[in-house]
Amino acid sequence: MTATHALQALLEASQSVTEHRPWPRVIVTPETWNTLLEGLASGAWTLLGLWGEPVMVHLAVREAASGTLAIASLPCPTGQFPSVGRCHPPAQRLERTLVDLTGLRPMDAVDARPWLDHGRWPVRHPLGSATAPGESMPPYRFLPVEGESLHQIPVGPVHAGIIEPGHFRFTANGEAVVRLEERLGYVHKGIESLLNGADVGRAARLVGRVSGDSTVAYAWAFARAVEAATETEAPERAHWLRALMAELERLANHCGDFGAICNDAAFAMMLAYCAVLRERVLRASATCFGHRLMMDRIVPGGVAHDLSADGINALRALIAEFRHQFPALIELYDKTASLQNRTEHTGFVKPALIQQFGCGGYIGRAGGRAFDARRAIAYPPYDELLFDVPVLSESDVNARVWIRIREVEQSLRLIEQILEQLPVGPIGNALRRPGNAREGVAVVEGFRGDVLVWVRLTAAGAVERCHPRDPSWFQWPLLEAAIEDNIVADFPLCNKSFNCSYSGHDL
Amino acid sequence: MRKLLIQNLLRLPLTVPAPPPSAQALAELGARVDRAARVRLGRSLSIREVDAGSCNGCELEIHALNNAFYDMERFGLHVVASPRHADVLLVTGPVTANMREGLERTYAATPDPKWVVAVGDCGRDGGVFAGSYACVGGVSAVIPVDLHIPGCPPNPLQLLEGLLALLQVS
Ligand code: SF4
Numbered sequence: 001m002t003a004t005h006a007l008q009a010l011l012e013a014s015q016s017v018t019e020h021r022p023w024p025r026v027i028v029t030p031e032t033w034n035t036l037l038e039g040l041a042s043g044a045w046t047l048l049g050l051w052g053e054p055v056m057v058h059l060a061v062r063e064a065a066s067g068t069l070a071i072a073s074l075p076c077p078t079g080q081f082p083s084v085g086r087c088h089p090p091a092q093r094l095e096r097t098l099v100d101l102t103g104l105r106p107m108d109a110v111d112a113r114p115w116l117d118h119g120r121w122p123v124r125h126p127l128g129s130a131t132a133p134g135e136s137m138p139p140y141r142f143l144p145v146e147g148e149s150l151h152q153i154p155v156g157p158v159h160a161g162i163i164e165p166g167h168f169r170f171t172a173n174g175e176a177v178v179r180l181e182e183r184l185g186y187v188h189k190g191i192e193s194l195l196n197g198a199d200v201g202r203a204a205r206l207v208g209r210v211s212g213d214s215t216v217a218y219a220w221a222f223a224r225a226v227e228a229a230t231e232t233e234a235p236e237r238a239h240w241l242r243a244l245m246a247e248l249e250r251l252a253n254h255c256g257d258f259g260a261i262c263n264d265a266a267f268a269m270m271l272a273y274c275a276v277l278r279e280r281v282l283r284a285s286a287t288c289f290g291h292r293l294m295m296d297r298i299v300p301g302g303v304a305h306d307l308s309a310d311g312i313n314a315l316r317a318l319i320a321e322f323r324h325q326f327p328a329l330i331e332l333y334d335k336t337a338s339l340q341n342r343t344e345h346t347g348f349v350k351p352a353l354i355q356q357f358g359c360g361g362y363i364g365r366a367g368g369r370a371f372d373a374r375r376a377i378a379y380p381p382y383d384e385l386l387f388d389v390p391v392l393s394e395s396d397v398n399a400r401v402w403i404r405i406r407e408v409e410q411s412l413r414l415i416e417q418i419l420e421q422l423p424v425g426p427i428g429n430a431l432r433r434p435g436n437a438r439e440g441v442a443v444v445e446g447f448r449g450d451v452l453v454w455v456r457l458t459a460a461g462a463v464e465r466c467h468p469r470d471p472s473w474f475q476w477p478l479l480e481a482a483i484e485d486n487i488v489a490d491f492p493l494c495n496k497s498f499n500c501s502y503s504g505h506d507l
Numbered sequence: 508m509r510k511l512l513i514q515n516l517l518r519l520p521l522t523v524p525a526p527p528p529s530a531q532a533l534a535e536l537g538a539r540v541d542r543a544a545r546v547r548l549g550r551s552l553s554i555r556e557v558d559a560g561s562c563n564g565c566e567l568e569i570h571a572l573n574n575a576f577y578d579m580e581r582f583g584l585h586v587v588a589s590p591r592h593a594d595v596l597l598v599t600g601p602v603t604a605n606m607r608e609g610l611e612r613t614y615a616a617t618p619d620p621k622w623v624v625a626v627g628d629c630g631r632d633g634g635v636f637a638g639s640y641a642c643v644g645g646v647s648a649v650i651p652v653d654l655h656i657p658g659c660p661p662n663p664l665q666l667l668e669g670l671l672a673l674l675q676v677s
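Chains A and B, in that order, are what the protein sequence lines are.
Sequential numbering from 1 applies to the first sequence in the working numbering.
Sequential numbering from 508 applies to the second sequence in the working numbering.
Accuracy of the hints is not assured; some may be wrong.
Chain A is faced by these chain B residues, among others (derived, beta-carbon under 8 Å) [unchecked claim]:
no.: 1; residue: G560
no.: 2; residue: H570
no.: 3; residue: V586
no.: 4; residue: C659
These aren't lab readings, by the way, just hints derived from the structure by calculation.
The model shown is predicted, which means the values in this text are computed figures rather than measured ones.
For every residue, glycine included, the Cβ atom is placed at its ideal position computed from N, Cα and C.
Please model the entire structure based on the sequences and the hints provided.
Right under this line is the structure:
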């Protein structure tokens, strides 16, 4: 056994769940659970998710060296489990959420505060075995801050712009931020509870609305998880159309972010240009697939909307427009010293933290972590497409802008290839009905990072339990680190360069 | 930068012509709005957007109202940073239990006369999230609503039609 295959060995020594695809899920003993936690803490494995059921906790991990991905499940007959957050800080908020939703208790947890539960729901532990009536809670305890001449700035949940709600508690010394503490959960919609018992069609609509800006990525991840569970293969053309939608979504969001980040440095001109490009992407998307954000266009089994000749023309015009306009915008960014003065060295995140948190997307890739599910997991059709995964090491706002710029270029390249090589044929297959309970999991690269969806279907084919995990879980905590020692006025810039999802995180 | 600016001077604007106000929206509003408000507010509306639990899809389309195609400022519609400066609250989402108080307090902080526009299928009745323990269900379950703009999400033209109707009767 080599160290690079340690995870594989651990899996082989555990009892595996037969109907779980495509990666293994194993039932582990508390000892194996602890070995897993040590592996996470040592950096051998990356945390991909942590969620609960009434008497079981699930831990999704990935071994970067071998690419092995697995889910370990620990039964908790006494309602307790060894805390993951205690050894591995990136798990803390996931674990607090798990406690809020299921009522299971992590042993020796370092942070016992609730996270999504603000004491305003009519029930407690809505996903647990013993749901109790909701009760009000004592005021949330923010972490203590001690020192001379400190002042606090509470911001939100209602913010000044057109933006999702969340609370930020800044502690500043003069202009410099010494600590930011986030308080999220305001847009918790109870999506996991709504998914319990939903038929696959309704579930797809719900998962496609976990985070509206990533609706394509979520719908794709859900479809792949259901297809894995039922051993249904989507037709080839559907794979390619899904990738087309995903790249359009990436293009639209990266464009919007590029403009919005510059706008937060008071460079409104870039926003004006980028907003026009973004609008053109949404219009082309509507022409191609009948919906500007392409909601509900990816369905388990395939896609719901085929690409017409009009759509192809719209895409060709879109690419021509980008090829004409975008280089000038890159040059504008590159040559405006006053703008770069704001973005360079601002919002630096230590690459070690990025590794530890398994932080994905442009934040990860701007800080040296090359992970991109399209490359690392290479789900179809990305195994047949040519693209680069840009990686930088500066890990500041500027690097996060440049990753987006480079990814826009790559998305254009991908869309061109898709248009050239799009296979002909059907766009959907009926889901197989295996007649027994099945489980599936999938990871898809959204514009913001890797989206994970895990699902268990009943024998009748309905959703019994589904867990969508947003990339923001491993990004939000790093925003707290990014703003440290920056001035308060640079927070919008840092925040926008992260552009984490509130809705995706709050679920 | 200069090249881009000059190009702009030479090109035709991207902005689409103003859409007619939606008849349905006009009818819904007619009953609610009186002449006095019109005198008070003149021909512009200050809008405060409140996300009360949306999936953020509605926010994306509200943002688009400011791009060169829709350019809502040409109608005197502008987004303000504080409810204290607002005539209109533009509310999205199925109103989560965790945002209910935030929405109520924002409404209370908005000076009279004021209008509330509930955006999206979620804002109308909770949309796909209706029935969840964590959602209150529709903006009108929490504060009085003057206009609904349904859709998931409504596109920028539909948003503009609704807001222009509001401007006409205000
Ligand atoms: S109406 Fe649709 S787009 Fe708007 S918040 Fe609800 S689910 Fe999202």
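Restraint satisfaction for V586(B) [CB to CB of chain A, less than 8 Å]: holds, 6 Å
How about G560(B): closest beta carbon in chain A under 8 Å, or not? holds, 5 Å
With chain A as the partner, please determine if H570(B) meets the hint condition of a C-beta pair closer than 8 Å. holds, 5 Å
Does C659(B) pass the interface hint, meaning its C-beta sits closer than 8 Å to a C-beta of chain A? With a minimum Cβ separation of about 7 Å from chain A (threshold 8 Å), the hint on C659(B) holds.
In summary, the structure agrees with every hint in the numbered list given earlier.
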